[in-house]
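J.: Residues per chain are reported as follows:
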Amino acid sequence: MPRIFERLRGFYTPVVDIRRRVFSEVAKLVIEDKATQEEIEAIPYTLIEGDTPTYRCCVFRERAVIRERVRLACGLDLHEGGENEPRIPDIISVLTSEKVISEPLVNVIKIGCERCPTDAVNVTDLCMNCMAHPCVLVCPVNAISIVDAAPTAVKGRQDTVQGRAFVDQEKCIKCLRCTQVCPYEAIVRRGRPCAQACGVDAVISDEQGYAEIDQQKCVSCGLCIVSCPFGTIADKSEILQVLYSLKHDEIVNAIIAPSFISQFGKIVLPTAIIEGLKQAGFKSVMEVAFGADRDVLIEAEKLARILEKAQDSSDASQEHEFLGTSCCPSWVMTARQYFPELARFISDSWTPMVETAKKVKGDFPSSKVVFIGPCIAKKHESLQEPINLYIDHVLTFEEMAAIFVAMKIDLTEIKDATTIADASKYGRSYPIAGGVCTAIAEYTKSCHGFEHFEIAKADTLRECRKMLDDIKSGKIKPRLVEGMACPDGCIGGPGTLAPLKLARALVDKFAKESDKTEPGCE
Amino acid sequence: MEKGKKKPLVRVCVGTNCAFHGGQLILEKLDSEPLIKDKIDIEAVKCFDKACKDGKNSPVVEIDGKKYLRASIEKVSEIIITKLKKKGE
Chain A
1 MPRIFERLRG FYTPVVDIRR RVFSEVAKLV IEDKATQEEI EAIPYTLIEG
51 DTPTYRCCVF RERAVIRERV RLACGLDLHE GGENEPRIPD IISVLTSEKV
101 ISEPLVNVIK IGCERCPTDA VNVTDLCMNC MAHPCVLVCP VNAISIVDAA
151 PTAVKGRQDT VQGRAFVDQE KCIKCLRCTQ VCPYEAIVRR GRPCAQACGV
201 DAVISDEQGY AEIDQQKCVS CGLCIVSCPF GTIADKSEIL QVLYSLKHDE
251 IVNAIIAPSF ISQFGKIVLP TAIIEGLKQA GFKSVMEVAF GADRDVLIEA
301 EKLARILEKA QDSSDASQEH EFLGTSCCPS WVMTARQYFP ELARFISDSW
351 TPMVETAKKV KGDFPSSKVV FIGPCIAKKH ESLQEPINLY IDHVLTFEEM
401 AAIFVAMKID LTEIKDATTI ADASKYGRSY PIAGGVCTAI AEYTKSCHGF
451 EHFEIAKADT LRECRKMLDD IKSGKIKPRL VEGMACPDGC IGGPGTLAPL
501 KLARALVDKF AKESDKTEPG CE
Chain B
1 MEKGKKKPLV RVCVGTNCAF HGGQLILEKL DSEPLIKDKI DIEAVKCFDK
51 ACKDGKNSPV VEIDGKKYLR ASIEKVSEII ITKLKKKGE
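Note that the protein sequences, when read in sequence, are chains A and B. So that you can map any letter, position 512 of the first sequence is 512 in the working numbering, and since no number is skipped, the others follow by simple counting. So that you can map any letter, position 48 of the second sequence is 48 in the working numbering, and since no number is skipped, the others follow by simple counting.
Treat the hints with care, since some could be wrong.
Stated by the list, open to error - Distance condition first, Cα-Cα at most 30 Å in a straight line; then the derived DSBU-like pairs of lysine-lysine:
{"hint": "1", "chain 1": "B", "residue 1": "K56", "chain 2": "A", "residue 2": "K408"}
{"hint": "2", "chain 1": "B", "residue 1": "K6", "chain 2": "A", "residue 2": "K408"}
{"hint": "3", "chain 1": "A", "residue 1": "K171", "chain 2": "B", "residue 2": "K39"}
{"hint": "4", "chain 1": "A", "residue 1": "K501", "chain 2": "B", "residue 2": "K46"}
{"hint": "5", "chain 1": "A", "residue 1": "K34", "chain 2": "A", "residue 2": "K283"}
{"hint": "6", "chain 1": "A", "residue 1": "K415", "chain 2": "B", "residue 2": "K66"}
{"hint": "7", "chain 1": "B", "residue 1": "K53", "chain 2": "B", "residue 2": "K86"}
{"hint": "8", "chain 1": "A", "residue 1": "K445", "chain 2": "A", "residue 2": "K509"}
{"hint": "9", "chain 1": "B", "residue 1": "K87", "chain 2": "B", "residue 2": "K53"}
{"hint": "10", "chain 1": "B", "residue 1": "K7", "chain 2": "A", "residue 2": "K408"}
{"hint": "11", "chain 1": "A", "residue 1": "K99", "chain 2": "A", "residue 2": "K171"}
{"hint": "12", "chain 1": "A", "residue 1": "K408", "chain 2": "B", "residue 2": "K87"}
{"hint": "13", "chain 1": "A", "residue 1": "K477", "chain 2": "A", "residue 2": "K278"}
{"hint": "14", "chain 1": "A", "residue 1": "K501", "chain 2": "B", "residue 2": "K39"}
{"hint": "15", "chain 1": "A", "residue 1": "K509", "chain 2": "B", "residue 2": "K75"}
{"hint": "16", "chain 1": "B", "residue 1": "K75", "chain 2": "B", "residue 2": "K86"}
{"hint": "17", "chain 1": "A", "residue 1": "K266", "chain 2": "B", "residue 2": "K66"}
{"hint": "18", "chain 1": "B", "residue 1": "K53", "chain 2": "A", "residue 2": "K283"}
{"hint": "19", "chain 1": "A", "residue 1": "K445", "chain 2": "A", "residue 2": "K475"}
{"hint": "20", "chain 1": "B", "residue 1": "K53", "chain 2": "A", "residue 2": "K278"}
{"hint": "21", "chain 1": "A", "residue 1": "K278", "chain 2": "B", "residue 2": "K56"}
{"hint": "22", "chain 1": "B", "residue 1": "K50", "chain 2": "B", "residue 2": "K7"}
{"hint": "23", "chain 1": "B", "residue 1": "K46", "chain 2": "A", "residue 2": "K512"}
{"hint": "24", "chain 1": "B", "residue 1": "K87", "chain 2": "A", "residue 2": "K415"}
{"hint": "25", "chain 1": "A", "residue 1": "K247", "chain 2": "A", "residue 2": "K358"}
{"hint": "26", "chain 1": "A", "residue 1": "K34", "chain 2": "B", "residue 2": "K87"}
{"hint": "27", "chain 1": "B", "residue 1": "K86", "chain 2": "A", "residue 2": "K415"}
{"hint": "28", "chain 1": "A", "residue 1": "K247", "chain 2": "B", "residue 2": "K56"}
{"hint": "29", "chain 1": "B", "residue 1": "K37", "chain 2": "A", "residue 2": "K34"}
{"hint": "30", "chain 1": "A", "residue 1": "K34", "chain 2": "B", "residue 2": "K56"}
{"hint": "31", "chain 1": "B", "residue 1": "K83", "chain 2": "A", "residue 2": "K415"}
{"hint": "32", "chain 1": "B", "residue 1": "K87", "chain 2": "B", "residue 2": "K56"}
{"hint": "33", "chain 1": "B", "residue 1": "K83", "chain 2": "A", "residue 2": "K110"}
Just so you know, these hints were derived from the structure itself, not from any lab. Since we're looking at a predicted model, the values are computed, not measured.
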């Protein structure tokens, strides 16, 4: 069964449709020189015409949700309290090429939140009120009773149904034994998709029952955004400020994450995407796999030191040392938050994004660098010091595609004009789960001669936490540890356009085709 | 399938505008749906000129020569299934 964040994946849902249309409408206004307060405030009316609602109770609520999305797309905060304000009075402040976004990056649009039930074990109408009622017998806390009488007969509760088993939520400990013994599979546990998707338990409820994000815990992985079936969680975008930079003839360079390969399907070659970005006004485009290559060198070296030390020392009581990969900022933040005693084993090297941006800033001083990738955590990373000196803006692939659409750049029409050769197969295999540790392990073998050591890897933060638990307890003793916040790695990131299977195949092919055999620089 | 019986030809525009507004995912879904994929011919194509160009019709899908504007996976599968039923599939 697909995991919660995989259930909506690969479908062009109405949620995806609205998100993309908001991005392309905002982009179009900037490109057509029409980004005024009046025009931007009109976007909800362009997208929701007439007076018949499509998804919600009324067009007013639909437009209110879109208005909040427009605010976030422009880089603004949500309206405090989600009030139904028909205007966006502070829009002028973000019509600039400066960086404007600030925390919190991941936001619940409360007016769109359906307040779905938090974690509960419920008896569905499949219950036959059977004679055997094993659910009642198996429950270790006597939380289940059979309700024969009218609903009012059970302590005045209104949510009981006649002739059916009933779970007292206050007693229930969610051991799920009842769900396993019911002959009709009539008992289910259900929760909020947003909270279930979150690997760091950052999605909570406010007093009214609306989803809320605990910003102290949130690591901006973005899985809640793609898991909410009502499309009511969104991140801030810099699409407007990037377009202002391009439009006002600033020198803007793009650096593009290695999962870009497959984003527009089989018939759009990687070089066409690069050329498309140049047509959009980016002065240069560099593969972030270049920075990943540098990290392979650095982290293989660090790993070799650890392995040497372990070889030399025969003292078994010594603390188990390992090298954790550093490329995924959500994973690093999670490790620091939950396992402070292990976090020091995570490599302190810069992420591939920063390594690549440093190179570009060196080559083109006083120009801008925009990172384009599948990742929302990179938006968070780009706000930190001193990383904000190297990265000016961050876009997702989805936001990049909206720019192409708004500029009427058709990638299928681009004749193969450029070549791309910034990185080796090592760096180019970073975006697939397992690719990072494989690259580092291979290089540690070929360059430092170490071959036999244990590797552990995990994708999604819940799995990463389990892995770190196992390391902490001594159950596993890996020397190289890879953590990825997104399912299947960066190719499963919230900002992607391409389905997984295609992404995996094409990223793999592109890595193998690299002319550079070594991750060494120049 | 018997020889001579032509499979429905489904051509999905994956020009950037159509791809962004769902064309890409329609293509991938059809291509990976075991109940359908072997019974049709699927092609990814560049823009159908006029039908795609102004952007409001995206995504555009052509089935046996007839173009469907603002297509969705539900609509496209329904048409394909109706065609297959007619042929007795």
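J.: Indicate, hint by hint, whether the structure satisfies it.
T.: Here is what the structure says about each hint:
For the hint pairing K56 (chain B) with K408 (chain A), the CA-to-CA distance comes to about 12 Å; that is within 30 Å, so the pair holds. For the suggested pair K6 (chain B) and K408 (chain A), the alpha carbons sit about 36 Å apart, so the restraint of at most 30 Å is broken. Restraint check: the Cα-Cα separation between K171 (chain A) and K39 (chain B) comes to about 53 Å, which exceeds 30 Å; the hinted pair is violated. Distance check on the hinted pair: K501 (chain A) and K46 (chain B) sit about 22 Å apart at the alpha-carbon level, within 30 Å; holds.
In summary, the hint linking K34 (chain A) to K283 (chain A) is supported, as the alpha carbons are separated by about 24 Å, within the 30 Å threshold. A threshold of 30 Å between alpha carbons decides the hint, and for K415 (chain A) with K66 (chain B) the separation of about 29 Å falls inside it, so the pair holds. In summary, the hint linking K53 (chain B) to K86 (chain B) is not supported, as the alpha carbons are separated by about 33 Å, beyond the 30 Å threshold. Taken as a hint, the K445 (chain A) and K509 (chain A) pair is honoured in the structure, with Cα atoms around 23 Å apart against an allowance of 30 Å.
At roughly 34 Å between alpha-carbon atoms, K87 (chain B) and K53 (chain B) are farther apart than 30 Å, so this suggested pair is violated. With a CA separation close to 34 Å, the supplied pair K7 (chain B) and K408 (chain A) exceeds the 30 Å bound. Between the alpha carbons of K99 (chain A) and K171 (chain A) the distance comes to roughly 50 Å, so the proposed pair goes past 30 Å and is violated. Annotation: proposed proximity of K408 (chain A) to K87 (chain B) is violated, straight-line Cα distance about 40 Å (limit 30 Å).
Taking the CA atoms of K477 (chain A) and K278 (chain A), the gap is about 47 Å. The hint is violated against a cut of 30 Å. Taking the CA atoms of K501 (chain A) and K39 (chain B), the gap is about 21 Å. The hint holds against a cut of 30 Å. About 33 Å separates the Cα atoms of K509 (chain A) and K75 (chain B), which puts this hinted pair outside 30 Å; it is violated. Using a Cα cut-off of 30 Å, the hinted pair K75 (chain B) and K86 (chain B) holds, with the two alpha carbons roughly 17 Å apart.
For the suggested pair K266 (chain A) and K66 (chain B), the alpha carbons sit about 24 Å apart, so the restraint of at most 30 Å is met. For a cut-off of 30 Å, the pair hint linking K53 (chain B) to K283 (chain A) stands: about 27 Å separates their Cα positions. Under the criterion of a C-alpha separation no larger than 30 Å, the hint pairing K445 (chain A) with K475 (chain A) is consistent with the structure, at around 25 Å. At most 30 Å may separate the alpha-carbon atoms for a hinted pair to count; K53 (chain B) and K278 (chain A) meet this at roughly 22 Å.
Between K278 (chain A) and K56 (chain B) the alpha-carbon distance is near 25 Å, which keeps this suggested pair within the 30 Å criterion. A C-alpha spacing of about 26 Å is found between K50 (chain B) and K7 (chain B), which places the hinted pair at or below 30 Å, so the restraint holds. For a cut-off of 30 Å, the pair hint linking K46 (chain B) to K512 (chain A) stands: about 27 Å separates their Cα positions. For the hint linking K87 (chain B) to K415 (chain A), the alpha-carbon distance of about 41 Å lies beyond 30 Å, and the restraint is violated.
Of the pairs offered as hints, the one joining K247 (chain A) and K358 (chain A) holds, with about 24 Å between alpha carbons and a cut-off of 30 Å not exceeded. This hinted pair does not check out: K34 (chain A) and K87 (chain B) have alpha carbons roughly 52 Å apart, beyond 30 Å. For the hint pairing K86 (chain B) with K415 (chain A), the CA-to-CA distance comes to about 42 Å; that exceeds 30 Å, so the pair is violated. Of the supplied pair hints, the one linking K247 (chain A) and K56 (chain B) holds, its CA atoms being roughly 25 Å apart against a limit of 30 Å.
As the CA atoms of K37 (chain B) and K34 (chain A) are separated by approximately 44 Å, the hinted pair breaks the 30 Å bound. Under the criterion of a C-alpha separation no larger than 30 Å, the hint pairing K34 (chain A) with K56 (chain B) is consistent with the structure, at around 19 Å. Note on K83 (chain B) and K415 (chain A): the hinted pairing is violated, with a Cα-Cα distance of about 37 Å set against a maximum of 30 Å. As the CA atoms of K87 (chain B) and K56 (chain B) are separated by approximately 33 Å, the hinted pair breaks the 30 Å bound.
Using a Cα cut-off of 30 Å, the hinted pair K83 (chain B) and K110 (chain A) is violated, with the two alpha carbons roughly 44 Å apart.
When held up to the earlier numbered hints, the structure conflicts with 2, 3, 7, 9, 10, 11, 12, 13, 15, 24, 26, 27, 29, 31, 32, 33 and fits the remainder.
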